[in-house]
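Asker: So the chains spell out like this:
There are 2 protein chains.
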Amino acid sequence: MENRVYNFSAGPAAIPHEVLQQARDELMNWQDVGASVMEVSHRGKEFLAVAHDAEKDLRDLLKIPSNYKVLFLQGGARGQFAAVPLNLKGDKKSADYVNSGHWAQSAIKEAQRYMDVNIAADGKSNGFSAMPSQDQWRLSKDAAYLHYTPNETIGGLEFSFIPDSGDVPLVADMSSNILSGPVDVSKFGLIYAGAQKNIGPAGLTVVIVRDDLLDHGSLMCPAVLDYKLQAGNESMYNTPPTFAWYLAGLVFKWLKKQGGLEAINEINGRKASKLYGQIDGSGFYQNPVDAQWRSRMNIPFTLIKPELDEKFLAESELEGFRYLKGHKAVGGMRASIYNAVPEQHVDALIDFMKEFERRYG
Amino acid sequence: MENRVYNFSAGPAAIPHEVLQQARDELMNWQDVGASVMEVSHRGKEFLAVAHDAEKDLRDLLKIPSNYKVLFLQGGARGQFAAVPLNLKGDKKSADYVNSGHWAQSAIKEAQRYMDVNIAADGKSNGFSAMPSQDQWRLSKDAAYLHYTPNETIGGLEFSFIPDSGDVPLVADMSSNILSGPVDVSKFGLIYAGAQKNIGPAGLTVVIVRDDLLDHGSLMCPAVLDYKLQAGNESMYNTPPTFAWYLAGLVFKWLKKQGGLEAINEINGRKASKLYGQIDGSGFYQNPVDAQWRSRMNIPFTLIKPELDEKFLAESELEGFRYLKGHKAVGGMRASIYNAVPEQHVDALIDFMKEFERRYG
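Protein chains in written order, with UniProt numbering: chain A, 1 to 361; chain B, 1 to 361.
Since the hints were derived computationally from the structure, they do not count as laboratory data. Glycine included, each C-beta is placed from N, C-alpha and C at the ideal position. Only true hints are included.
Stretch-level coverage of chain A by chain B, calculated; a stretch enters the list once three of its residues show a Cβ under 8 Å from a Cβ in chain B:
#, region
1, 70–76
2, 79–92
3, 233–244
Take these sequences, add in the hints, and give me the full structure.
Answerer: As structure tokens, then:
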């Protein structure tokens, strides 16, 4: 295992071991072109094949209908927080946003630069431990779109259903749970995701956008974030982040080899339910999110005795567990268990948690 | 040499061999953290050290004064084409732009989304073989800034002097000649550069901006492109492209090891003057740019007998010369000889050109 550790980073996060090995092995001389994949033109036939393969594999994995464009851009989800209103506003005055925590709030704040925002549902009053049920949401009929965050990386809250937005296009920031299981893309107008959690390295953003939404862009939208322009140029209006795109393509092939999204969905379900089981069963660890709203990707937990937090982090680090420190907004610990985190690593963490409790509980 | 070729790509372009070797050797386990540099948090102490080192080394190389901020962003130079007006417009109505060719024109087109553009100087009438002398430029006293493109990657035209913009901030798109030699940063308000030519892999943008220009931003500027916000967050308002940043840092260290910008400047001058010498001395090859406006980085050339172009490209490819095909806007051939292209590769190209002329001239 080349001395690799248990990596529970929230992002940039673990990348599949086999993908990194391949990237290493061909880093100096890729596909016998005599150069690194980083050193060749994005418009050369070799890289174009990578770009097309990556798109095709992503389409296969997510069963993306043919009336959707797939874009590989820069700027991350935060870039999309601006790109979404700039591209979808059209002649509308406002958009609906669901406030499910830190990242939803950040998206709302950015959208307010460009249009009025109506908060359609808010989990704030109960500390984001659950969201109001859909019959309580206040949707606007003339909203440009309804935006939500299917998984909150920091709070550890995840939607187990796709909201019904009626005729209003549904927009999702899937940065931290895209490709964690099957999803019905046809229910969405737009899906976007920063790559650095379930796709590949930081610096790449995947956008999946329905054709009919490409005609609502604002002239104020920077060209690099303009969906229509990028779609018309196969995401190469500006030089794309080629190495990140290549790595994403390798991750998509790896996912297919694992059996696709149905197979990884099952593994992810098992990983999460084991870890929550350990937390709930212990009386020593705790997680604040209501059972049906718990994230399968990011699992924050605290100790009943918070004075032991530092000890937990220090001792787990000695055992090879990395990046378990919780986000400063939440404290305690957080285990991010994306696709690339093997089930055995979760098992090892659970063993450590049991042993830690045995010694200090 | 691991079967590597002579890489004359215009961008993404050659990266120093030693840099790639180091990246390969530590790809699976970087600095003994037990993970790839791609897999760790940008806010962890290990990556923060990379980020700080890269900035320090770049400051050392370019002798960047302390009243300038250095940003590591996404979106490339095309992203900056929008970011510059969005950040620097302030209460001004217009900006001055110098039109030196393809990239200058692209910058102008994008700026026109946000403000009026005055063309201060234009090389169009003579096919961009030279620019009007500075006494003929029409500068506006109340321009928000004066923008120019020190090196045109496609046309192969380079400024050998820094324009005098008076009290108006001078802005430069240095994507294709940054770090090719020393430059007096204090003469500029803002310098930006896509990384994929002289800095590292595609997907990273370096911005060097004078402190006093951080207060002119528009509310319409997407947060990820907002200089003030990014400066206040050490370029980590959104997750940065960590692997590209790391590689850029390795390139900066490599440059220091070569003797810094004075040393690389001498090598670059020698490489370019040898290649132009071969072109001019032959009567078989030609370059359309006036001698004092010729680029040291991108050298387009055509054959007196254009029917031999395809043969030149095919035979040179067999000898291991790659990406010599000229941009479609110019035709013929182009040799991009950035810092990472060794002098011996230029020598080898010259030898090939001589031999090709001997056979077909």
